[in-house]
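Line by line, the protein sequences give chains A and B. My numbering applies: residue 1 is where the first sequence begins, and numbers increase by one. My numbering applies: residue 1 is where the second sequence begins, and numbers increase by one.
Misleading hints may appear alongside valid ones.
DSS-like mimics (lysine-lysine), calculated; alpha carbons at most 25 Å apart, straight line [claimed, not checked]:
1. Lys108/A <-> Lys134/A
2. Lys310/A <-> Lys293/A
3. Lys254/A <-> Lys47/B
4. Lys310/A <-> Lys47/B
5. Lys80/B <-> Lys314/A
6. Lys80/B <-> Lys5/A
7. Lys26/B <-> Lys14/B
8. Lys139/A <-> Lys108/A
9. Lys314/A <-> Lys47/B
10. Lys14/B <-> Lys314/A
11. Lys134/A <-> Lys132/B
12. Lys314/A <-> Lys52/B
13. Lys254/A <-> Lys14/B
14. Lys157/B <-> Lys185/B
I should point out that these hints are in silico values taken from the structure, not numbers from a laboratory.
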Amino acid sequence: MKSDKILLSHGSGGKASHELISNLFLPAFNNPVLDQLNDQAVLQVGDVRIAYTTDSYIIDPIFFPGGDIGKLAICGTVNDLAMCGASPFCLSASFIIEEGFPMNDLQKIITSMGEIADEVGVKIVTGDTKVANKGYLDKIFINTSGIGIVDKGINISGNNAKIGDTVIISGTIGNHGIAVLSKREGFEFDSPIISDCAPLNSLVMDMLSVSRNIRCLRDPTRGGLATTLNELAIQSNVCIIIDEVNIPINESVKGACELLGYDPLYIANEGVLVAIVPTDEASNILKKMRENKYGQDAQIIGKVIAEPNKVLLKTALGTTRIVDMLSGELLPRIC
Amino acid sequence: MRYIDEYRNPELLKKIVSSIQAESTKEVRLMEVCGTHTVAIFRSGIKNILPKNISLISGPGCPVCVTPNLDIDTAIEIAKLDDVIFTTFGDMIRVPGSFSNLENERANGADVRVVYSSLDALNIANHNPDRKVVFFGIGFETTSPTIASAILSAQNKGVRNFFVLSSHKLIPPAMKMLLEAGEVKIDGFICPGHVSTIIGSKVYDFIAEEYNVPCAIAGFEPIDILQAILMLIRQINDGKPKVEIGYSRAVRPEGNITALNILNDVFDISDARWRGFGIVPSSGLTVKDKYCQFDAKKVFIVNVEPENEPKGCLCGEVLRGVKTPIECAFFANSCTPDNPIGPCMVSSEGTCSSYFKYGKYSLHIP
């Protein structure tokens, strides 16, 4: 049932989002940089290679266990820069705020943005503020853009995965999505689930300090690990096979997913990255990642094999099944 | 929260699989009635590891899928009313009715909200006293007690703007109809876990006693499902059909008496239409007259055009276990999760969706 209107699923980061980008935006904005479909554009400016990215943040609730919309807006954009190996240089921040929004909440959000920017070591150098009539939007939307510098000799892109490469995940998956959901819907779990929202630039720099040959980096945000791996498989025209038993998932997230009928592979993350690296360098990179506070739970989860454009999962039973992109919105089961 | 990895222990899994392989000699067809089982079977790859003589057939246990178009069309007409906030489980919003679906109507301006339980819908009613909040009651015995309890709660608190559009179904009558029709040979039932937590195991006794078909109630972890399959194989070998509980950590023979009492207080059992089945006697739940003020069917009189089923869609046959999704000409061609023609491709528990998502390329599908 095709729609002539924009549906929520067009913004879910899954198949509908991809179709919208491919069918509408790419033809209209037609250029080779955009066509690469990376989370950031890498541009040569004189002698310098810069990375440029932008992202808008709308989230309910705006305060959640482990973060808030402000922290998310900084981390998300910093991470998009980091995923091409860029070190963040400066950021912009724009706010669209609903009339009547509590000043205290805004103060909290701004403070949190300042703190996390300090941790990252990036300055917010420009911005904009708009206030919309009450009811025009829900509380507050934030847009951040970022510029980063990519060192010479680094070439990280979604189309670089090679057959035989190793796939690494930097931490446990699903924490952010379940933390936000549990706060929004008022679910309580034995041990509270905290969002993994974190800036990953230091982790990426650590990884680059032991290997300049990292092929692909991507943070599996909306659409989860499954969607990100599918994107990489398509961009590189390879098959990625992952091992179910090696994917790190914390017990509470597993429990919540079972309860609600979610597959953790499709749940959003905000402080996790997937790396595809040459296999002979994988153990060095993994060791270095585990020394960083944002990479302690890093695991090798799979490898790149020949067949084109798909993601397979080896189950605990030893059988193999396909892992597709997220289709539609993520919905809980009924029965 | 623990107790998950224990049920995915590869060593234990292998042991049960070897027992199944050693003990199963005949060609058998086992039906997993419940959609959540279908998903779990695909997700864990159980079909691939079973000996070839055991076929698993998916049954009618996807609540979204069995909801007939007429009910969806009615829901859409109610959702379009100006003063209505229409609340539903998320899986329902993309299911095509005859002419539209709730997702498109939401984009067209209808106030359609996804909730996780009927109590969320009741909360919305409390916060919006000037609007009428309608909850689309779909689902089997697992969900219907919570909806009955929302109605009781609305009654106790004097909430006057909360309504339930009941399209609830009961599982055992559909199993009986499948056996009566005899269209598909069923050598054993993997009975639903969550539903049986409410209704217990005794309600299936007639299947073993009158139809000589073995039953095993299963949980949802790979070990649970394999254990139930092993139970069924042993019953078949012994020639002594009975109802076994393979999910004893959740299911008791008599079920959940409290939930059943609430259910009986609020709903009458009535005949109901199922997609693919037509009218199944005594298989639906209608709000009792004493709670008629909460019954959306009585309160909202809407005009619904005669229903319209997509020609060539095999969802009905798939729900009865007569056909598999890959026998449908639309499957994976014009019908995909992004552009579904029938409900079995939309719902996360739908058989077609499971075949598509998990089985498209790699699985041996019997």
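Each hint, compared with the structure:
{"no.": "1", "hint": "Lys108/A <-> Lys134/A", "verdict": "holds, 21 Å"}
{"no.": "2", "hint": "Lys310/A <-> Lys293/A", "verdict": "violated, 32 Å"}
{"no.": "3", "hint": "Lys254/A <-> Lys47/B", "verdict": "holds, 23 Å"}
{"no.": "4", "hint": "Lys310/A <-> Lys47/B", "verdict": "holds, 21 Å"}
{"no.": "5", "hint": "Lys80/B <-> Lys314/A", "verdict": "violated, 45 Å"}
{"no.": "6", "hint": "Lys80/B <-> Lys5/A", "verdict": "holds, 17 Å"}
{"no.": "7", "hint": "Lys26/B <-> Lys14/B", "verdict": "holds, 21 Å"}
{"no.": "8", "hint": "Lys139/A <-> Lys108/A", "verdict": "holds, 14 Å"}
{"no.": "9", "hint": "Lys314/A <-> Lys47/B", "verdict": "holds, 14 Å"}
{"no.": "10", "hint": "Lys14/B <-> Lys314/A", "verdict": "holds, 15 Å"}
{"no.": "11", "hint": "Lys134/A <-> Lys132/B", "verdict": "holds, 23 Å"}
{"no.": "12", "hint": "Lys314/A <-> Lys52/B", "verdict": "holds, 20 Å"}
{"no.": "13", "hint": "Lys254/A <-> Lys14/B", "verdict": "holds, 22 Å"}
{"no.": "14", "hint": "Lys157/B <-> Lys185/B", "verdict": "violated, 50 Å"}
In this structure, the earlier hints numbered 2, 5, 14 are contradicted, and the remaining ones agree with it.
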